[in-house]
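**Q** Input sequences plus hints: build the corresponding full structure.
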Amino acid sequence: ETGVTQSPTHLIKTRGQQVTLRCSSQSGHNTVSWYQQALGQGPQFIFQYYREEENGRGNFPPRFSGLQFPNYSSELNVNALELDDSALYLCASSSRTGRDTEAFFGQGTRLTVV
Amino acid sequence: GENVEQHPSTLSVQEGDSAVIKCTYSDSASNYFPWYKQELGKGPQLIIDIRSNVGEKKDQRIAVTLNKTAKHFSLHITETQPEDSAVYFCAARYNYGQNFVFGPGTRLSVLP
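From first to last, the protein sequence lines stand for chains A and B.
Mapped onto the working numbering, the consecutive letters of the first sequence carry residue numbers 1 to 114.
Mapped onto the working numbering, the consecutive letters of the second sequence carry residue numbers 1001 to 1112.
Keep in mind that the hints are not guaranteed to be accurate.
To be verified - Each pair of labels, with its calculated beta carbon distance range: (1) B:T1069 x A:L39: 32 to 38 Å; (2) B:Q1081 x A:Q17: 40 to 46 Å; (3) A:R15 x B:T1069: 44 to 50 Å; (4) B:G1041 x A:N79: 25 to 31 Å; (5) B:E1056 x A:A38: 31 to 37 Å; (6) A:K13 x B:E1039: 24 to 30 Å; (7) A:H10 x B:P1082: 24 to 30 Å.
To be clear, the hints were calculated from the coordinates, so they are not data collected in a lab.
All values derive from a computational prediction rather than experimental measurement.
Idealized CB from N, CA, C, for every residue including glycine.
**A** Structure (structure tokens):
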């Protein structure tokens, strides 16, 4: 187990609604990255948070937003849900101090938009 | 930006045989290349990684090789076992702290 936990594990929402997904990073890690994984594809980078600020963003619209808290946990918020937002959402925990560059993933949140 | 290609998309091997998955990347500035294993219903699990200053790394039955000149890297699994069956993803990262770019994945099936 990686020590990265995500909640909830599964979620069903209606198109147009808003959703918040949560991630607790591994102890000692100060960086959280969020990825979207559509069925049968590799994860796609959404954004990264470091020291409570967004530090890099992929090709996702502004309705995807996030937060990082002082304890390094993080939230991903998606507004105005669309059917294509149905996917597995993964958070990855890593450290930007020292030489560690490994990133460890949580088990993901499976979001279904109907 | 970085682009990662991965081949094959599916791979079936007999138990005990070796499996090789190959990836190429486009950005010569990429310097860190992890491999992840993803089982059904789970998040990706880091199984091995290699940095750009190393040509090969081995961990028991798993090894990764990197050719910086050709911009490709490969995962080698020897003595495959049924529990090796999963989807494997390669990834590349060009700068410390920045995001990964993943390949599309290889579904490995180890037949008993």
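**Q** Each hint: holds or not?
**A** Going down the list of hints, with the structure as the test:
no., hint, in the structure
1, B:T1069 x A:L39: 32 to 38 Å, "36 Å, holds"
2, B:Q1081 x A:Q17: 40 to 46 Å, "44 Å, holds"
3, A:R15 x B:T1069: 44 to 50 Å, "49 Å, holds"
4, B:G1041 x A:N79: 25 to 31 Å, "27 Å, holds"
5, B:E1056 x A:A38: 31 to 37 Å, "33 Å, holds"
6, A:K13 x B:E1039: 24 to 30 Å, "26 Å, holds"
7, A:H10 x B:P1082: 24 to 30 Å, "27 Å, holds"
In the structure shown, no violation is registered for any of the earlier numbered hints.
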